[in-house]
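Asks: Per this note's numbering, the sequence shown starts with residue 57, numbered consecutively.
If you're looking for bench data, these hints aren't it; they were derived computationally from the structure. Source: prediction; values computed, not measured. Here a beta-carbon is modelled for each residue, glycine too, at the ideal position from N, C-alpha and C. Treat the hints with care, as some may be off.
What the hints assert, rightly or not - Computed beta-carbon distance windows for the label pairs: (1) Val283 to Lys129: 23 to 33 Å; (2) Lys274 to Asn59: 26 to 36 Å; (3) Pro308 to Gly285: 18 to 28 Å; (4) Asp96 to Glu60: 16 to 26 Å; (5) Leu296 to Glu158: 18 to 28 Å; (6) His151 to Gly285: 43 to 53 Å; (7) Arg201 to Lys79: 19 to 29 Å; (8) Gln61 to Gln341: 38 to 48 Å; (9) Lys274 to Asp218: 29 to 39 Å; (10) Gln238 to Gly160: 31 to 41 Å; (11) Gln122 to Gln338: 32 to 42 Å; (12) Arg188 to Val348: 49 to 59 Å; (13) Glu158 to Glu60: 16 to 26 Å; (14) Asp231 to Asp126: 19 to 29 Å.
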Amino acid sequence: MMNEQHIHGIFIPLITPFTRDYKLDIDSYRKYVTYLAGHDIQGLVVNGTTGESPTVSWDEVKQMVQVTQDVLKSMNKNIPIVIGTGTNDTYSTVHRTEMAAELGADAAMVVTPYYNRPTQEGILEHFRVVSRVGLPVLVYEIPVRTGSRMTIDTIRKVLDLDGVIGLKDSTGGLDLLLKLTQYETKPVLCGEDAYFHAMLCQGAAGGMLASAHLNIQKYVDIYQRFVAGDMNGSRDNFMLLESVIQHVFAEPAPAAIKWWLTQQEIIAAEQLRLPLMPLSDQVKQGLLNSIVS
């Protein structure tokens, strides 16, 4: 299982490939994970936002985790597997986290409860209960999707829980990280791709970055240059990706990522499950132009 020392570097939030009739494409998934595992990454995240978790069944999650484990074993790779288990029902989240532990996950990623907009006390109690399952918890704070935002005081209390090992910060800026790093805190992963380099400069331990699919090695290089002290090289490489990141998120993810992986023949089809739609031709062209430039 993971601990705080494992939270650093580049984590890849996995897509869930579908066939043209919207079933789980396990053959594409195996090829895709094999491709990812060939890079110097520190974590693979199954069933997150990029994986279309709202429309993926737990049986499909189980299949993907099993294939991921098989691929890593065959490649003699020891890359941690994180499973997204968060819901807006505490006891459903507990159950999913227990099932993730049974599957052999190294950690659970648990999003702040969404839609029902609990109080700060309710959010803290949610994480307190889930953290008692025994599987390490990576907290996922993304207010734009959840409709609620933890205060800095609540986040510090959540991060103080014994079963919590870190935070994925997708709050859309540097404010939270700057406040956290005023104190001794558990590791923070950047979850906002456009702020990756800036967050490294302010103390983030790495990033969980959907846009890394388009050039994994470039993101690895940005991180490795940064930790080696080559700040200028890290910054310059990141600046080359700014237009790519903008186009990846011009329409709801993971449309751009699936389209790109299809173009690279890593997965067979760019299908997304409704209500998500395939990437528009306009954004496809913009993305291609940004990659070429």
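Asks: Indicate whether the distance between the beta carbons of Gln238 and Gly160 respects the range 31 to 41 Å.
Replies: holds, 37 Å
Asks: Look at the Cβ atoms of Asp96 and Glu60 and judge whether their distance stays inside 16 to 26 Å.
Replies: holds, 20 Å
Asks: Can the suggested window of 32 to 42 Å be confirmed for the beta-carbon pair Gln122 and Gln338?
Replies: This hint holds: roughly 38 Å between Cβ atoms.
Asks: Indicate whether the distance between the beta carbons of Leu296 and Glu158 respects the range 18 to 28 Å.
Replies: violated, 43 Å
Asks: Within 19 to 29 Å or not, the Cβ separation of Asp231 and Asp126?
Replies: violated, 42 Å
Asks: Quick one: are Val283 and Lys129 within 23 to 33 Å, going by C-beta?
Replies: Taking Cβ atoms as reference, Val283 and Lys129 lie about 28 Å apart, which means the hint holds.
Asks: When you take the CB atoms of Lys274 and Asp218, is the distance between them in 29 to 39 Å?
Replies: holds, 37 Å
Asks: Determine whether the Cβ-Cβ distance between Arg201 and Lys79 falls within the hinted range of 19 to 29 Å.
Replies: For Arg201 and Lys79 the Cβ distance comes to about 26 Å; the hint holds.
Asks: Lys274 and Asn59, beta-carbon distance inside 26 to 36 Å?
Replies: This hint holds: roughly 28 Å between Cβ atoms.
Asks: May I ask you to test the hint 38 to 48 Å on the CB atoms belonging to Gln61 and Gln341?
Replies: Given range 38 to 48 Å: holds, Cβ gap about 43 Å.
Asks: Holds or violated: the 18 to 28 Å window for the beta-carbon distance between Pro308 and Gly285?
Replies: violated, 37 Å
Asks: Does 16 to 26 Å hold as the CB distance between Glu158 and Glu60, or does it fail?
Replies: holds, 23 Å
Hints 3, 5 and 14, counting from the list given before, are not met by this structure.
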